[in-house]
Amino acid sequence: MRRSVLNSGAITVAAVFPVIFSLHAAAQEPAPKAAKETRPLTLYQKLERANATGGPAPRRDVTGFWTGPLTPKLGPAPEMTPAGQAQFKRNKPDIFSASTNDPWATCDPLGVPRTMTTETRGVAFANMPNHIVILTQYQKIWRAVWMDGRELPKNIGAKGGPQPIWYGYSVGHWDGDYTLVVNTAGVDDSTWLDRRGYPHSPDMRVEERFTRVNHDVLEVTVTVDDPKYYTKPFALATSRFRWIPEQEDEEQLCVPSEAIEYRKMVVVPAGQDQAQGKK
Amino acid sequence: MKIKSAMYSALILGLSVGVPALAHHGSTAYDTTKVVTFKGITVTKFVWASPHVIITFDAKDDQGTMKQWTAEAGTPQTLQLSGWSKSSVKVGDKLDVYLYQSKTGNPVGRLSKIVLADGSELKDSALGYDKNP
Numbered sequence: 000m001r002r003s004v005l006n007s008g009a010i011t012v013a014a015v016f017p018v019i020f021s022l023h024a025a026a027q028e029p030a031p032k033a034a035k036e037t038r039p040l041t042l043y044q045k046l047e048r049a050n051a052t053g054g055p056a057p058r059r060d061v062t063g064f065w066t067g068p069l070t071p072k073l074g075p076a077p078e079m080t081p082a083g084q085a086q087f088k089r090n091k092p093d094i095f096s097a098s099t100n101d102p103w104a105t106c107d108p109l110g111v112p113r114t115m116t117t118e119t120r121g122v123a124f125a126n127m128p129n130h131i132v133i134l135t136q137y138q139k140i141w142r143a144v145w146m147d148g149r150e151l152p153k154n155i156g157a158k159g160g161p162q163p164i165w166y167g168y169s170v171g172h173w174d175g176d177y178t179l180v181v182n183t184a185g186v187d188d189s190t191w192l193d194r195r196g197y198p199h200s201p202d203m204r205v206e207e208r209f210t211r212v213n214h215d216v217l218e219v220t221v222t223v224d225d226p227k228y229y230t231k232p233f234a235l236a237t238s239r240f241r242w243i244p245e246q247e248d249e250e251q252l253c254v255p256s257e258a259i260e261y262r263k264m265v266v267v268p269a270g271q272d273q274a275q276g277k278k
Numbered sequence: 000m001k002i003k004s005a006m007y008s009a010l011i012l013g014l015s016v017g018v019p020a021l022a023h024h025g026s027t028a029y030d031t032t033k034v035v036t037f038k039g040i041t042v043t044k045f046v047w048a049s050p051h052v053i054i055t056f057d058a059k060d061d062q063g064t065m066k067q068w069t070a071e072a073g074t075p076q077t078l079q080l081s082g083w084s085k086s087s088v089k090v091g092d093k094l095d096v097y098l099y100q101s102k103t104g105n106p107v108g109r110l111s112k113i114v115l116a117d118g119s120e121l122k123d124s125a126l127g128y129d130k131n132p
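Residue numbers (numbering that gives the first Met the number 0), protein chains in the order written: chain A, 0 to 278; chain B, 0 to 132.
In short, the hints are calculated from the structure, not lab data. Please note that a few of the clues may not be correct.
With a Cα cut of at most 27 Å, we get these calculated DSSO-like pairs of lysine-lysine [claimed, not checked]: (1) B/102 <-> A/263; (2) A/139 <-> A/45; (3) B/44 <-> B/59; (4) A/263 <-> B/44; (5) A/263 <-> B/89; (6) A/263 <-> B/93.
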């Protein structure tokens with residue numbers, strides 16, 4: 000949605016009509032000048048504009064800090080099964096609405112793949128023994144991806160097997176020299192796919208493909224396969240990350256007590272529900 | 000401070016600005032056709048936090064009733080790009096506040112900008128600008 004605010008020209012000045020209608024003394028003050036300034040660029044926007052390549056991509060290496068858009072490009076509405084539709088109806092998106100049940104509104108874990116569809120300003124990769132670790136700036140989350148060739152566990156949720164967890168179980172491999180493929184299963188089904196409220200079942204499989212196009216550009220495609228809720232696998236999101244020249248990250252946390260205070264002070268009195276209407 | 004200068008009744012103007020599609024961060028709840036202006040208010044609370052920065056202050060409505068107003072702005076990260084910091088505003092500071100009020104009529108709004116005692120302006124990251132990069 001940042002895209003809609005910052006990149007798509009959503010805020011356009013249709014008309015600027017200073018209208019003085021108060022009879023009070025302050026009305027004698029000149030009307031404030033209409034703002035004509037342009038919003039400052041984010042680091043990501045600056046890097047997108049510069050569109051540098053940084054030279055060729057190193058082979059089988061995505062380590063480092065990358066910056067991305069607030070929200071990636073989300074795919075079209077996926078076709079759901081009746082079970083998926085039923086769950087989708089129960090999900091009430093928009094964290095700026097008083098009646099939302101988006102787990103994000105109270106800073107619950109975003110899970111996979113939502114960590115790659117929501118607040119994606121920063122991501123980093125690090126090599127660890129037998130792993131690549133994906134570090135998400137938002138909430139300072141890490142995900143350990145096995146790179147030793149093992150398969151995903153087949154008995155997730157079964158008695159004695161690994162149980163569904165917030166960020167699931169991930170394995171990865173290289174497809175060629177420039178694409179890291181990460182496959183994830185076993186994600187707690189109380190997480191959503193994205194801010195639109197698309198649900199997933201405990202059987203969901205997620206594939207993230209990170210392609211390093213050149214030194215400075217990392218493209219990602221997120222595909223969801225969840226036959227219980229969706230009629231076919233679908234591309235949930237695509238995005239592009241940019242290499243951060245200074246390799247500095249930023250702290251960006253959703254803090255439950257702050258989020259709850261915000262809801263009390265702003266969301267409820269501002270009447271977001273009436274304004275936003277139905278999803 | 001002259002009381003009337005801080006009164007809601009002293010709001011001075013309507014500034015009709017088309018801001019049609021601020022779906023992100025809930026700005027559609029606010030009446031963006033009209034800026035409500037408060038002069039010389041005293042800050043009672045400044046919350047530098049996610050998801051949005053908040054300023055509260057007391058001001059009288061046009062019936063003369065004192066109300067606590069709550070104004071939200073953008074995220075700390077985006078406001079920093081516009082020159083804000085955690086120490087930009089403190090409790091007790093005197094400010095001029097320009098905001099878009101909730102369509103509910105409740106004393107809550109989205110900032111357009113604030114003007115500090117030294118005359119410098121701090122704009123909201125979303126509604127303080129009318130032009131996109």
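Violated hints - listed by number, lowest first:
Hints that this structure does not satisfy do not exist here, as all of them hold.
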